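Work out the full structure, taking the sequences as your base and the hints as a guide.
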Amino acid sequence: MIKTGLFDQTHLSALKKAVDVYARRHQVTARNIANVQTPGYRAEKVEFEELLDRNRMSIPGEVTQPGHIPIGAKDPMDVQEKVVETETGFDNGVNNVDIDDQMTTLATTDLSYRMATRLLSMRYNMLSSAIKGRTI
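In the working numbering, the protein residues as written are 19 to 154.
If you're looking for bench data, these hints aren't it; they were derived computationally from the structure. One or more hints might be untrue.
Claimed, not checked - Taking lysine-lysine pairs in the DSS-like style, the calculated list, with each CA pair at most 25 Å apart, reads: (1) K100 / K63; (2) K150 / K100; (3) K34 / K150; (4) K100 / K35; (5) K63 / K35; (6) K34 / K63.
Said to hold, decoys possible - Computed beta-carbon distance windows for the label pairs: (7) H29 / P57: 40 to 50 Å; (8) L129 / G151: 48 to 58 Å; (9) T126 / E103: 18 to 28 Å; (10) S146 / R42: 22 to 32 Å; (11) E103 / L129: 24 to 34 Å; (12) G151 / A32: 20 to 30 Å; (13) L124 / S31: 20 to 30 Å; (14) K34 / V112: 16 to 26 Å; (15) I117 / L137: 28 to 38 Å; (16) E65 / N143: 25 to 35 Å; (17) D118 / R42: 48 to 58 Å; (18) G85 / S146: 42 to 52 Å.
The structure displayed is predicted, hence computed values, not measured ones. Every residue, glycine too, gets a C-beta built ideally from N, C-alpha and C.
Structure follows, in structure tokens:
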């Protein structure tokens with residue numbers, strides 16, 4: 019199977035994962051914004067980049083025998099995002115939701131989602147053109 023150039027699936031998997039994480043982050047941020055006046059509500063955030071960085075820092079290992087325990091870095095696509103409570107130190111008198119921070123996160127997530135979907139669309143269009151035999 020061809021694994022280089024146009025048919026490399028690594029980029030497609032990474033872009034799909036990015037779209038999924040950005041969509042999840044958008045949901046969590048929207049929930050925080052919706053609960054800005056809910057007494058006792060605790061703001062949440064999606065951790066992904068931190069987990070991905072931690073995964074990259076581990077020493078890669080390889081299982082050479084069926085009985086060996088897998089060690090080292092996992093495939094980045096296997097890293098799952100986590101929704102965790104945010105410790106902001108912010109208090110609006112009702113809960114810890116900082117509306118300015120949430121709106122910034124929402125805008126940043128929206129831009130990141132749009133970029134990832136545009137790149138994914140361009141990649142699929144390139145594959146489609148190659149299959150159909152068109153040149154650019």
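Evaluation of the provided hints:
Distance restraint check for K100 and K63: the Cα-Cα separation of roughly 8 Å lies within the 25 Å cut-off, and the hinted pair is therefore satisfied. Under the criterion of a C-alpha separation no larger than 25 Å, the hint pairing K150 with K100 is inconsistent with the structure, at around 40 Å. A hinted pair counts as satisfied when its Cα atoms are at most 25 Å apart, and K34 with K150 qualifies at roughly 23 Å. Taking the CA atoms of K100 and K35, the gap is near 14 Å; set against the 25 Å cutoff, the hint holds.
Straight-line distance between C-alpha atoms of K63 and K35 comes to about 17 Å, which keeps the hinted pair within the 25 Å bound. For the given pair, K34 sits about 20 Å from K63 by alpha-carbon distance, which is consistent with the 25 Å threshold. For H29 and P57, the Cβ-Cβ distance of about 46 Å falls inside the hinted range of 40 to 50 Å, so the restraint holds. A beta carbon spacing of about 35 Å between L129 and G151 contradicts the range 48 to 58 Å that was offered as a hint.
One distance hint, 18 to 28 Å for the beta-carbon pair T126 and E103, holds here, with the actual separation near 20 Å. The given range of 22 to 32 Å is respected by S146 and R42, whose C-beta atoms sit roughly 28 Å from each other. Distance hint check: the CB atoms of E103 and L129 are about 25 Å apart, consistent with the given range 24 to 34 Å. The supplied range of 20 to 30 Å is met by G151 and A32, whose beta-carbon atoms lie about 27 Å from each other.
One distance hint, 20 to 30 Å for the beta-carbon pair L124 and S31, holds here, with the actual separation near 26 Å. Between K34 and V112 the C-beta distance comes to about 38 Å, which lies outside the given range of 16 to 26 Å. Our hint of 28 to 38 Å for I117 and L137 holds, since their Cβ atoms are close to 31 Å apart. Evaluation of the 25 to 35 Å hint for E65 and N143 yields a pass: the beta carbon distance comes to about 32 Å.
One distance hint, 48 to 58 Å for the beta-carbon pair D118 and R42, is violated here, with the actual separation near 22 Å. With their beta carbons about 45 Å apart, G85 and S146 fall inside the hinted range of 42 to 52 Å.
Violated hints, listed in ascending order, are 2, 8, 14, 17; each of the other numbered hints is respected by the structure.
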